[in-house]
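Modelling step: build the complete structure from the supplied sequences, incorporating the hints.
Residues per chain, in single letters:
Protein chains: 4
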Amino acid sequence: MNGNSIGKALVLTCFGESHGRVIGAVLDGCPAGLPISREDIQAEMDKRRPGASPITSRRVEEDVVEILSGVYRGYTTGAPICMIIKNRDVDSKPYEEIKYKPRPGHADYTAYIRYGGFNDYRGGGRFSGRITAAYVMAGAVAKKMLRTINVEVLAHTVQIGRVKLRREVSYDEIRRNVYNNEVRCADPEVAEEMKSEVLEALREGDSVGGVVEGIALNVPAGLGDPIFDSLDSDMAKMLFNIPAVKAVEFGAGFNAASMKGSENNDPYRIINGKVVAEKNDAGGILGGISTGMPIIVRAAFKPTPSISKRQRTVDLNSMENVNIELKGRHDPCIVPRAVPVVEACIALVIADHSLRAGIISRILK
Amino acid sequence: MNGNSIGKALVLTCFGESHGRVIGAVLDGCPAGLPISREDIQAEMDKRRPGASPITSRRVEEDVVEILSGVYRGYTTGAPICMIIKNRDVDSKPYEEIKYKPRPGHADYTAYIRYGGFNDYRGGGRFSGRITAAYVMAGAVAKKMLRTINVEVLAHTVQIGRVKLRREVSYDEIRRNVYNNEVRCADPEVAEEMKSEVLEALREGDSVGGVVEGIALNVPAGLGDPIFDSLDSDMAKMLFNIPAVKAVEFGAGFNAASMKGSENNDPYRIINGKVVAEKNDAGGILGGISTGMPIIVRAAFKPTPSISKRQRTVDLNSMENVNIELKGRHDPCIVPRAVPVVEACIALVIADHSLRAGIISRILK
Amino acid sequence: MNGNSIGKALVLTCFGESHGRVIGAVLDGCPAGLPISREDIQAEMDKRRPGASPITSRRVEEDVVEILSGVYRGYTTGAPICMIIKNRDVDSKPYEEIKYKPRPGHADYTAYIRYGGFNDYRGGGRFSGRITAAYVMAGAVAKKMLRTINVEVLAHTVQIGRVKLRREVSYDEIRRNVYNNEVRCADPEVAEEMKSEVLEALREGDSVGGVVEGIALNVPAGLGDPIFDSLDSDMAKMLFNIPAVKAVEFGAGFNAASMKGSENNDPYRIINGKVVAEKNDAGGILGGISTGMPIIVRAAFKPTPSISKRQRTVDLNSMENVNIELKGRHDPCIVPRAVPVVEACIALVIADHSLRAGIISRILK
Amino acid sequence: MNGNSIGKALVLTCFGESHGRVIGAVLDGCPAGLPISREDIQAEMDKRRPGASPITSRRVEEDVVEILSGVYRGYTTGAPICMIIKNRDVDSKPYEEIKYKPRPGHADYTAYIRYGGFNDYRGGGRFSGRITAAYVMAGAVAKKMLRTINVEVLAHTVQIGRVKLRREVSYDEIRRNVYNNEVRCADPEVAEEMKSEVLEALREGDSVGGVVEGIALNVPAGLGDPIFDSLDSDMAKMLFNIPAVKAVEFGAGFNAASMKGSENNDPYRIINGKVVAEKNDAGGILGGISTGMPIIVRAAFKPTPSISKRQRTVDLNSMENVNIELKGRHDPCIVPRAVPVVEACIALVIADHSLRAGIISRILK
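Protein sequences, first through last, are from chains A, B, C and D.
Read left to right, the first sequence gives residues 1 to 365 (the numbering used here).
Read left to right, the second sequence gives residues 1 to 365 (the numbering used here).
Read left to right, the third sequence gives residues 1 to 365 (the numbering used here).
Read left to right, the fourth sequence gives residues 1 to 365 (the numbering used here).
There's no promise every hint is true.
The list treats identical chains as interchangeable, and a pair is accepted whether it falls inside one copy or across any two copies.
[Stated by the list, open to error] Okay, derived cross-link-like pairs now, BS3-like style, lysine-lysine, Cα gap no bigger than 30 Å in a straight line:
#1 Lys279 - Lys164
#2 Lys93 - Lys309
#3 Lys99 - Lys365
#4 Lys101 - Lys274
#5 Lys260 - Lys327
#6 Lys260 - Lys164
#7 Lys309 - Lys99
#8 Lys93 - Lys365
#9 Lys327 - Lys93
#10 Lys99 - Lys86
#11 Lys279 - Lys327
#12 Lys279 - Lys260
#13 Lys327 - Lys47
#14 Lys8 - Lys365
#15 Lys260 - Lys101
#16 Lys8 - Lys86
#17 Lys309 - Lys279
Note that these hints are calculated values from the structure, not bench results.
See below:
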């Protein structure tokens, strides 16, 4: 059974492997008439570029986006939009060792079982973080769609390892700071601490995880198709498709479990003739439907499983216990690169639901 | 756009409202030849019955399951299985007040917007926790399917309000104790504390939330269809469809964010000729595919939004700020009733993926 | 794998068997705010009632429609609409014989293989023409939806056995005459001939087939989502789900194969400021998208496989050649009863696409 | 709403336009472990190449297939397979005229309405017959899958214009002759007549249609998921997605309408210990499920709408009646090129259902 398409009105189909020829996305359902250029997509793609920082993998990924279909004379045509980036600079040799020696924390073993050993294991193949480039390309289109209804999607790092963002940051700080430091944190001071946390792990041949918060502003009330296509369940599903995500929460999230109803409920007020909530512990979603308040969602990322420390594993051929020591380039923390991916995922889900609701219509003019 | 069906090989379609005629489920894709009786379904349904306890709503729900189709002479036929419970003992009067005065924390306001005021608001209508009875009926069939491949699904309360389960409990304790106390906790002592926490909230006219942990044992390695139909993303989507769930995590979950890779990675070992992980911080899923280890998932429930304390809200007709005080029967904590629902959700997702993988085949003999 | 749901924005899920407890439909995606009553549905259901005519089966089907969900105070709520009819007057005894002796032309053998002998074979079970009652209930809702955009769906018998409608009939003749004769033909004279054709077959213990033409008027240009959800492919798929349909054609259909391009192409003209086609060999669909002209589709029905003549078959238990002679009530021609079913199928597909196009919106006011 | 994906277990997503950069297909759900090479796909692609014949368009289409993903070291990996052909030799100038002057019989007008004039109209854009190259690429993979269960798919031209195949041809004649003449007819003599029919139309600046018959051999009994994913309804849907198809029939098809039940029913017999039908008016499908007999389906193609004769149309800008005379290269009959496309469509549907049934499993070894 397949599993490489997602969405109902806006359907994303992905293909490609880490060390194959391309990483690609087909986005189907985008209305005709949306102005879009290669540069629009490239700008989003560049956000996930590791750059020269010591805290990210040394793999040089130029990631030049090509649009293969669905755009004509600068506008979407209503036909499916296929976008690809080509894979370059790939050194597959280190992966021969892991073919039968699954790396702990990676999908090597599960993919081996699921695909009977036929999976392309080079660079993690289909399970590489690199596949999220496809989400980002599609998300760039989704963001342009959302701009037509004034919806803005933000994301920022709120935790790396033991370092947490300790204060509320404004949307403006997020807009201004996130892509101006290597860890994608809205508070420049905390960003420095986060960077140290990563570098310390790197020195130890280890890695760290973290938490990314995504925010969608100006989402109209009424999006979501309960009971099963509720906005939160669709968004959670999409976020769990980012490799390394182990938890997703909305609004007060896990903290809601220890709150009283009288604390957690968000009272309504009429402000300027509109219904608003006084606070937003609901994270902008009630009953699976948007409330009109900002949508707030957090995804927790486990530490990168690729570490250079010696690890215990097995040899699937000889069925013996062995040790492995991984060489090659690995991000000691993938959280910074996940920030634009979280943005993309949120944008895709809200765009899908905006189409379903008819808030974005099938022809844009 | 619709949103009341879920699953790919095993498709659950739900219908019905809290104070309408019935709550119903159509389960499509169940193989022919599965022995099933009304009593099998009823047994699961009875697990979510509030009973005579002071800590649950006083609504008397007999919830007699009827099978309308898809079963003949004690076996599934391969045709869709429709199951219903009829609604009785419904007092819709208290809900007239809330038609235009949305209760904070409930879906009243969002449903009003989404359905233009045409939604059946009585008892929360389609957004009532009562709709999860449909999940439980369908989940009962899924559990029977899973038994044919020896998969067992458990769930237990690990937190209510500020009271947490403070030690590891064995699967046997879960099997033995969970449905023998009112809060569905595997540790009888903690269960008493949890009960006190609920009663205290009740006395204050308030409510509490909590956390339910679900476990699936003996799930074969290799289930899940990445990248978008990964086992965790499907399970998260299903769990977020339970009203009041605000967070979902697998294995180490949010804690993974502050762990090092060397801590979080689960090393593999050969034990009795089989590949197993030494520990299970992954929660039984890597790369969206089951590892063969127990699947561990936790869902956080916010406190019941229905409280008797006075709350601030608005009148959607007059567009004025008002207060409401809710009367009627409400669970001060819905967590205990959610335990069998979590079991059902997990069972449905694993059964779907087992069918997709061909591990459960289309005719059972 | 499941197969009992169809549609994308308007999803129909069906359940029930010929001799089970009910025949049911869940229609999901119908906008909130559509006025609907039990009587609306019943009126469509009554169109497929065999009545007292000698040309139809003697099974007395009162078929009282019950709405179980999704309608409140006379309006759709936006929640899934479950409708059922209960099965009465069922004599299952004659079917014991056929359990292992598949009737030629029926699904007995294929269902036996597909469901491993667990299928409910009584009265054809899930393969009975009776399941189309579910299409009619759902189609009744679809028709009401279409009325809000002025779309009208008609159907009429154009052939029974060797008797064909030999002239063009007007839409008014169809509206006026079809449900005023037993064969659902718009030309009363031809209707008499058709009736004789059926009676002759009946006397011989045999059966006849026929052709039903469906028409949709005032369908706006631009419906259809090529390349795979084209309007014709979706309509064909739906029509082939009516038992006994063996062929479907649009506009000139099979005749187009022997036409020249210059004959078959429909020239455009401006009439009253609107683009219209001079003729309609396309049947209202080009490139899978509606042209704004009437949609014309024809479905060919094979003769009822149930005949009282002796037939050759096999015994699946003893694996020997045997003969069977069927007793019991059978329609010598199911075409008349299929006419409202064709209407329902067309209405469902156009309503689905109207929702997808945003021409019918998610809240009707 | 999208519409460029089809299938449930084997999902085909298509993209690309006639004069865009590529025509592409993503096939998702193909099991891991299927040996596949670029040449396998190319061989099928070459079947639809017009070649040097006077009866086909002069567009030189080399159509070199490239596999972008999903295949590693000669085997499918279980990941989605993306295949493309690049577009070359395209002269888009003649299409500027038709931008606002829709060609009768083409999708120009309906696409203009559907996509608000943003569609890529060059060469018919997304509505060109050229998009069927994507079906053929995907169908080549499906055929290889089917070979593992011994299923063979054939197709042949049975009618062009007024010339029909007048006798039954054997499967061997089809295998031997079809791709050895320009019209893809199994009878070489009739092939000559068909060719004359095409040439006559060509001389007149006109075009002709025809009928293609598809056959699937050795399809196991029991494929199909009624009531809505019946094998015939899925196959009809797929075939109607080939541009120019206006009718589809199975087995006796339209002729069944004038047959008696005693003629049309296929009696069963035990032959060599297996259940077979004495004849096959059902076309290998009963109740939407395969009978084990050959599947026989016919698709009628309308004449190519592109003709050089002067035609009446309208100018969508000025809203005036105008005439057009088309220049450029057009096939006077697309039926020969449709033959491998029909094969591909049939193969895709049967492969999808074979996966659903577990007859082809998710890992091939």
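Here is how each hint holds up against the structure:
{"no.": "1", "hint": "Lys279 - Lys164", "in the structure": "both (22 Å within a copy, 27 Å between copies)"}
{"no.": "2", "hint": "Lys93 - Lys309", "in the structure": "within (19 Å within a copy, 62 Å between copies)"}
{"no.": "3", "hint": "Lys99 - Lys365", "in the structure": "between (52 Å within a copy, 18 Å between copies)"}
{"no.": "4", "hint": "Lys101 - Lys274", "in the structure": "between (59 Å within a copy, 14 Å between copies)"}
{"no.": "5", "hint": "Lys260 - Lys327", "in the structure": "between (50 Å within a copy, 18 Å between copies)"}
{"no.": "6", "hint": "Lys260 - Lys164", "in the structure": "both (25 Å within a copy, 15 Å between copies)"}
{"no.": "7", "hint": "Lys309 - Lys99", "in the structure": "within (19 Å within a copy, 61 Å between copies)"}
{"no.": "8", "hint": "Lys93 - Lys365", "in the structure": "between (51 Å within a copy, 26 Å between copies)"}
{"no.": "9", "hint": "Lys327 - Lys93", "in the structure": "within (10 Å within a copy, 55 Å between copies)"}
{"no.": "10", "hint": "Lys99 - Lys86", "in the structure": "within (24 Å within a copy, 34 Å between copies)"}
{"no.": "11", "hint": "Lys279 - Lys327", "in the structure": "between (49 Å within a copy, 24 Å between copies)"}
{"no.": "12", "hint": "Lys279 - Lys260", "in the structure": "within (15 Å within a copy, 35 Å between copies)"}
{"no.": "13", "hint": "Lys327 - Lys47", "in the structure": "within (26 Å within a copy, 48 Å between copies)"}
{"no.": "14", "hint": "Lys8 - Lys365", "in the structure": "both (23 Å within a copy, 25 Å between copies)"}
{"no.": "15", "hint": "Lys260 - Lys101", "in the structure": "between (49 Å within a copy, 21 Å between copies)"}
{"no.": "16", "hint": "Lys8 - Lys86", "in the structure": "both (28 Å within a copy, 29 Å between copies)"}
{"no.": "17", "hint": "Lys309 - Lys279", "in the structure": "between (45 Å within a copy, 18 Å between copies)"}
Consistency with the previously given hints is maintained throughout, with no hint failing.
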